[in-house]
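Trainee: These are the residues of each chain, in order.
There are 2 protein chains.
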Amino acid sequence: MRLNKNFDLLKDNYLFAEVENRVAAYKAAHPEKDIIKLGIGDVTLPLCSVVVDAGMRAAHEMGEKETFHGYGPYRGYTFLTQAIVAYYVERGIKIKESEVFVSDGAKSDIGNFLDLFDEDCVVSVPDPVYPVYVDTNLMQGRKIVYANATRENDFLPLPDESVKADLIYICSPNNPTGAVYDRERLKKWVDYARACDAVILFDAAYEYFVSDPELPRSIYEIPGADRCAVEFCSLSKTAGFTGTRCGYCIVPHKLGKLNGLWLRRQSTKFNGVSYIVQRMAEAVFSPEGRAQIAGNVAVYKKNAALISDTLKEMGVYHTGGVNSPYIWLHCGTDSWAFFDRLLADANVVGTPGAGFGKNGEGFFRLTAFNDYEHTQEAMRRLKKIL
Amino acid sequence: MRLNKNFDLLKDNYLFAEVENRVAAYKAAHPEKDIIKLGIGDVTLPLCSVVVDAGMRAAHEMGEKETFHGYGPYRGYTFLTQAIVAYYVERGIKIKESEVFVSDGAKSDIGNFLDLFDEDCVVSVPDPVYPVYVDTNLMQGRKIVYANATRENDFLPLPDESVKADLIYICSPNNPTGAVYDRERLKKWVDYARACDAVILFDAAYEYFVSDPELPRSIYEIPGADRCAVEFCSLSKTAGFTGTRCGYCIVPHKLGKLNGLWLRRQSTKFNGVSYIVQRMAEAVFSPEGRAQIAGNVAVYKKNAALISDTLKEMGVYHTGGVNSPYIWLHCGTDSWAFFDRLLADANVVGTPGAGFGKNGEGFFRLTAFNDYEHTQEAMRRLKKIL
Numbered sequence: 001m002r003l004n005k006n007f008d009l010l011k012d013n014y015l016f017a018e019v020e021n022r023v024a025a026y027k028a029a030h031p032e033k034d035i036i037k038l039g040i041g042d043v044t045l046p047l048c049s050v051v052v053d054a055g056m057r058a059a060h061e062m063g064e065k066e067t068f069h070g071y072g073p074y075r076g077y078t079f080l081t082q083a084i085v086a087y088y089v090e091r092g093i094k095i096k097e098s099e100v101f102v103s104d105g106a107k108s109d110i111g112n113f114l115d116l117f118d119e120d121c122v123v124s125v126p127d128p129v130y131p132v133y134v135d136t137n138l139m140q141g142r143k144i145v146y147a148n149a150t151r152e153n154d155f156l157p158l159p160d161e162s163v164k165a166d167l168i169y170i171c172s173p174n175n176p177t178g179a180v181y182d183r184e185r186l187k188k189w190v191d192y193a194r195a196c197d198a199v200i201l202f203d204a205a206y207e208y209f210v211s212d213p214e215l216p217r218s219i220y221e222i223p224g225a226d227r228c229a230v231e232f233c234s235l236s237k238t239a240g241f242t243g244t245r246c247g248y249c250i251v252p253h254k255l256g257k258l259n260g261l262w263l264r265r266q267s268t269k270f271n272g273v274s275y276i277v278q279r280m281a282e283a284v285f286s287p288e289g290r291a292q293i294a295g296n297v298a299v300y301k302k303n304a305a306l307i308s309d310t311l312k313e314m315g316v317y318h319t320g321g322v323n324s325p326y327i328w329l330h331c332g333t334d335s336w337a338f339f340d341r342l343l344a345d346a347n348v349v350g351t352p353g354a355g356f357g358k359n360g361e362g363f364f365r366l367t368a369f370n371d372y373e374h375t376q377e378a379m380r381r382l383k384k385i386l
Numbered sequence: 001m002r003l004n005k006n007f008d009l010l011k012d013n014y015l016f017a018e019v020e021n022r023v024a025a026y027k028a029a030h031p032e033k034d035i036i037k038l039g040i041g042d043v044t045l046p047l048c049s050v051v052v053d054a055g056m057r058a059a060h061e062m063g064e065k066e067t068f069h070g071y072g073p074y075r076g077y078t079f080l081t082q083a084i085v086a087y088y089v090e091r092g093i094k095i096k097e098s099e100v101f102v103s104d105g106a107k108s109d110i111g112n113f114l115d116l117f118d119e120d121c122v123v124s125v126p127d128p129v130y131p132v133y134v135d136t137n138l139m140q141g142r143k144i145v146y147a148n149a150t151r152e153n154d155f156l157p158l159p160d161e162s163v164k165a166d167l168i169y170i171c172s173p174n175n176p177t178g179a180v181y182d183r184e185r186l187k188k189w190v191d192y193a194r195a196c197d198a199v200i201l202f203d204a205a206y207e208y209f210v211s212d213p214e215l216p217r218s219i220y221e222i223p224g225a226d227r228c229a230v231e232f233c234s235l236s237k238t239a240g241f242t243g244t245r246c247g248y249c250i251v252p253h254k255l256g257k258l259n260g261l262w263l264r265r266q267s268t269k270f271n272g273v274s275y276i277v278q279r280m281a282e283a284v285f286s287p288e289g290r291a292q293i294a295g296n297v298a299v300y301k302k303n304a305a306l307i308s309d310t311l312k313e314m315g316v317y318h319t320g321g322v323n324s325p326y327i328w329l330h331c332g333t334d335s336w337a338f339f340d341r342l343l344a345d346a347n348v349v350g351t352p353g354a355g356f357g358k359n360g361e362g363f364f365r366l367t368a369f370n371d372y373e374h375t376q377e378a379m380r381r382l383k384k385i386l
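Residue numbers (the working numbering), protein chains in the order written: chain A, 1 to 386; chain B, 1 to 386.
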């Protein structure tokens, strides 16, 4: 059997699997403990009613001959791609419908998009980083250079002009640090990418958490980005779709062959997203959908602010928590040891910074995806042990 | 921009896109014509009521905090993987739940599974072939050797012992030919694969159309197959899920590292299938679901039999049509020319054999996925022009 040897380069355990294993072991030993999870970035609030109604309606349609849907269009149904175009237009960004591709989520897209590139590409990823960017490239044997995100640069690294990258990952608002690029700093990446003829893979999965109008929610707010950047977005955090599965990416025609190549890849290795799910996604973009998801995100933002304020009060350095659902705090020690301590002494689950890269050591990620009462209780416990 | 140059090896147009283009051009020129589509293999009957009900129920659950579902398990929900295990057990095949992986469809799985293999693998695919097997390998730069399927071998090629393959594609019931391997011939492939240490990628997407108990519906009916074969299956044709999107694959632990590698690939580049869709898939396997889908498939089988009987009556050589929704007929001429003639003179759409490989030239594929009345009318027109 001739296997892909690059898999040997991957670490044995996916970060969140290891977190889950440790929590499960603790739970088994202490079944009476009330554990609060501020670890994996999964949403907790249910889907909005307008989205649920759309899903029920679409399921019903699928049972009637006149309204049944078989294979859908490769880029996604027009009702959804049009809604996505409109969502950009209202933020002053012009994109064409044929630049939008609907998918089952940003994680799939970000991994699968790599099929379009040479395996000898040099890949720039931030450290700390969402592990998927690294692992998907290692699987294809690519060389990775790290852009160091540290306290010194506000966890917002800038390009290293001495390196010639071919692919550049940027996630803003960032996972795991919660840090958000301003336009000026993001422009440095766009200029660098254009100078290198590199492609930026911009992960905008958390754009909906940005409320400061001074901060960009799309890379296309930066002039020239439509000549060098692909943008990945998801309804997972915006509308609670982690278990419903819908995302999209924007591949501008100005990027040359990429749009056609991606269509070719997707039409060969993918058959589109469930009609029912696409109708649910469409409902997210309706005026009622917007109002309802804003309510949900406000809950998470209130949690994030509470965590951030608590840390401020305690004098703990951190990033995020304002325009992001993530809070990245300095834990001043071995971050897996801090994980174990927080789990054992406060029964609170977070994610150790070391799991996101070498610059994550000494840091720790908390997420806003719980309800307010549990977040309050977690903060009370945190104060007690720190 | 450093692109994957292997994409240059792909032909410009995906077969079905070209079919669609020609039909659209004909329609535009002749808007009054009543076109009957027996071309692309898309189902036409709506989802069964038990499946629709499950979808509506699951959508409703997603709107309630107590029953909301975020990220699901990487292999799929237990309620579904257990149902799939039971589906195999009742056919006398023992598989473990951890050998089942739920996905958004067999097309995604078949393409993505290649991530696990070395790019220097030698790949055996039949000719004619479902183009996805070829294109997904060309994208990764693999060398393809063709197993010639011809009238002489009933379109069921056997292994060529002089070739050492690493990956072997078998689709039975076959797309596009409708031919079905018997156990004896399938065993030759299993023995060959084991002798070569090759992996068989067995596409069982049409297994539900097999009613002859002498013909295998799973490769695991062949002794030793669990040491060399991965099986891909789909609810697209079984339960009309082409627009709902759910499939699964079986990766036996006896295949060594493959099960773990696939889990690693899927947990890194995929986030599972919508909870709602998995509940709908579960309903397919319920006793009521089985009864209802059997009713739908009976309709398609009746169509297939009608097409096959008509061709027999006319003395036209063909395969399929009995244990398969596809009918592969000898059209005795340039198959794209036959396509154009059938479209123009009978207003019937099929798929030219040449689109499936060199051995497809002179042959033509018709599908049973229409209603009985349209299939009858198409046969009347066929008789008139042939």
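These are calculated hints, taken from the structure and not from any lab test. Hints may be right or wrong, so weigh each one.
Below, in silico cross-link-like pairs of lysine-lysine (DSBU-like), each with a Cα-Cα straight-line distance of 30 Å or less [claimed, not checked]: (1) B/5 - A/143; (2) B/301 - B/27; (3) B/384 - A/301; (4) A/96 - A/254; (5) A/269 - B/65; (6) B/37 - B/269; (7) B/301 - A/257; (8) A/383 - A/37; (9) B/164 - B/5; (10) B/302 - A/37; (11) A/269 - B/37.
Some but not every residue of chain A turned toward chain B, in silico, with C-beta under 7 Å [as the list claims (entries may be wrong)]: (12) 4; (13) 15; (14) 18; (15) 20; (16) 24; (17) 71; (18) 73; (19) 77; (20) 116; (21) 117; (22) 159; (23) 268; (24) 269; (25) 275.
These numbers come from a predicted model, not from an experiment. Note that beta-carbon positions come from the ideal geometry of N, C-alpha and C, so glycine has one too.
Trainee: Hint residue 275 of chain A vs chain B: min CB-CB distance below 7 Å?
Mentor: Residue 275 of chain A check passes; min Cβ-Cβ to chain B is 5 Å, inside 7 Å.
Trainee: Does the closest beta carbon of chain B sit nearer than 7 Å to the beta carbon of residue 20 of chain A?
Mentor: violated, 11 Å
Trainee: Take the shortest C-beta to C-beta distance between residue 18 of chain A and chain B; is it under 7 Å?
Mentor: violated, 12 Å
Trainee: Please verify whether residue 164 of chain B and residue 5 of chain B have alpha carbons no more than 30 Å apart.
Mentor: holds, 26 Å
Trainee: With the threshold set at 30 Å, check whether the alpha-carbon distance from residue 37 of chain B to residue 269 of chain B stays at or below it.
Mentor: violated, 36 Å
Trainee: Does the nearest C-beta of chain B fall within a distance shorter than 7 Å of the C-beta of residue 117 of chain A?
Mentor: holds, 6 Å
Trainee: The hint names residue 71 of chain A as touching chain B; please verify it with the least Cβ-Cβ distance against 7 Å.
Mentor: With a closest approach of 5 Å, the residue 71 of chain A hint holds.
Trainee: With a cut-off of 7 Å, does the beta carbon of residue 73 of chain A approach a beta carbon of chain B closely enough for the hint to hold?
Mentor: violated, 11 Å
Trainee: Hinted pair, alpha-carbon criterion (30 Å max): residue 96 of chain A, residue 254 of chain A. Please report holds or violated.
Mentor: holds, 11 Å
Trainee: Could you grab the alpha-carbon distance between residue 269 of chain A and residue 65 of chain B and see if it respects the 30 Å cut-off?
Mentor: violated, 35 Å
Trainee: Less than 7 Å between beta-carbons is the criterion; does residue 4 of chain A satisfy it with respect to chain B?
Mentor: With a closest approach of 6 Å, the residue 4 of chain A hint holds.
Trainee: CA of residue 5 of chain B to CA of residue 143 of chain A, is that 30 Å or under?
Mentor: Judged against 30 Å, a Cα distance of about 18 Å means the pair holds.
Checked against the numbered hints listed earlier, the structure breaks hints 3, 5, 6, 7, 10, 13, 14, 15, 16, 18, 19 and 22; every other hint is satisfied.
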